[in-house]
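> Chains as they are written, first to last, in UniProt numbering: chain H, 1 to 219; chain X, 1 to 219.
Careful: at least some of the hints might be erroneous.
It does not matter which identical chain is used: a pair holds within one copy or between any two.
Restricting the straight-line Cα-Cα distance to at most 20 Å, the calculated cross-link-like pairs of lysine to any residue (SDA-like) are [to be verified]:
hint, residue 1, residue 2
1, Lys89, Glu64
2, Lys125, Gly175
3, Lys46, Gly151
4, Lys125, Glu136
5, Lys125, Glu114
6, Lys16, Pro41
To be clear, the hints were calculated from the coordinates, so they are not data collected in a lab.
One letter stands for each residue in the lines below.
There are 2 protein chains.
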Amino acid sequence: MAPTITAFERSPDRGKGLARDMRVRWALEEVGVAYDVRLLPFEAMKRHAHLALHPFGQIPTYEEDDLVLFESGAIVLHLAQRHAGLLPKDADARARAISWMFAALNTMEPPIIERGMAYLFEREKPWYAERMPMLEQRVDVRLAQLSARLGDAGWLDGTFSAGDLMMVSVLLRLGSSRPLDAYPNLAAYVARGEARPAYGRAFADQLAVFTGTPAPGQA
Amino acid sequence: MAPTITAFERSPDRGKGLARDMRVRWALEEVGVAYDVRLLPFEAMKRHAHLALHPFGQIPTYEEDDLVLFESGAIVLHLAQRHAGLLPKDADARARAISWMFAALNTMEPPIIERGMAYLFEREKPWYAERMPMLEQRVDVRLAQLSARLGDAGWLDGTFSAGDLMMVSVLLRLGSSRPLDAYPNLAAYVARGEARPAYGRAFADQLAVFTGTPAPGQA
């Protein structure tokens, strides 16, 4: 049976591919696993039936036979460990690729999310103008370090891996805003990720949910 | 050769075990792997020699023969996958335990860190009193969900795993502050983690770095 993931019935980003189901869709496309999607309205997220799958009431979840997983990082890692295409064969190189997954989620994403949350929820507050430069600075420190490590390489550690998939996904949350402008190699890195056919198929599928138009190639 | 980890020469938490080397020390003790520690002064963290090991200039790193890893989550997972004691044998149960590692690091830790950062860096700011309840609320939502899922169980999914190690480590960052008081099952869960002999040995070793006194059992 094909695995089933959950996604927003109506994504708050209006189909820009920033919801976390996109990371899992992209991974599924990279490893060539067909999947089903169960769409959830917001009011269903905190109901018992969904909390039984995801203790924090979020998307995505992943169901495969009797296995239920939550957390996009864990789902992508599960797919990467069971199918070829997202982790190198060499054991040391695999471990390093997994380091980059954790770096994306635990070092890079938190300041990016924090900056986004401030913009969403505190833009009208009197302290916004004073706090925002501090939040931008926290993001910039990480971008500068990532840019220095990436250098002229195409991907973070040899061939494309789940570490790159997760890092590109996290950097995409910066949107078209300024932070990446100072780092042409990071902007090119993100564009390289977006140019992958698997990314394109995943993006079209999540956009089709928002527009209500089937993605190209779907009946 | 024993692996080598890096840790702060002088931890900013004064030996309370909140620095991220503690998670790796705890995992090493759980799986029974002896290790060496290289202590780093703050001024060495952003130098080229350390950035070559850790692109974000943090601790811990992990060196084992030719393998260099960074990110405590990745290091703990590496140890858990290569040694018995931190992941169940059943493949589905292993994947679920790894879900809890990612949940600890990507869902639970960010709001806890954010609350801590506000206390450290914005306590004197005029907006602190108005923002703090919002930050407390973000932490509390996650604690309530975690408490509901844990219920009367001893650990998050069957036997103790790397998922519990990481979740207890993250909850410990709340310190002795109020948030856990409302959730006696979570307070007991954290105490259960701290009571493990492996935790005790790791804690004593990191404290000994701060006090300059060898831990019990060390020469």
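> Run every hint past the structure and note whether it holds.
How the hints compare with the structure:
1. Only between protomers do lysine 89 and glutamate 64 lie at most 20 Å apart by alpha-carbon distance; the minimum there is 18 Å, versus 24 Å within a single protomer.
2. Taking the closest pair of Cα atoms, lysine 125 and glycine 175 never come within 20 Å of each other, the shortest separation being 22 Å inside a single copy and 29 Å across copies.
3. In the homo-oligomer, the alpha carbons of lysine 46 and glycine 151 lie at most 20 Å apart only across protomers (17 Å), although the nearest pairing inside one protomer, at 43 Å, exceeds that limit.
4. For the homomeric pair lysine 125 and glutamate 136, the shortest alpha-carbon distances inside one copy (17 Å) and between copies (18 Å) are both at most 20 Å.
5. In this assembly of identical chains, lysine 125 and glutamate 114 lie within 20 Å of each other by CA distance both inside one copy and across copies; the values are 15 Å within and 18 Å between.
6. Proximity of lysine 16 and proline 41 under a CA criterion of 20 Å is satisfied intra-copy only: 18 Å inside one chain copy versus 43 Å between copies.
Violated hint for the displayed structure: number 2, the only one.
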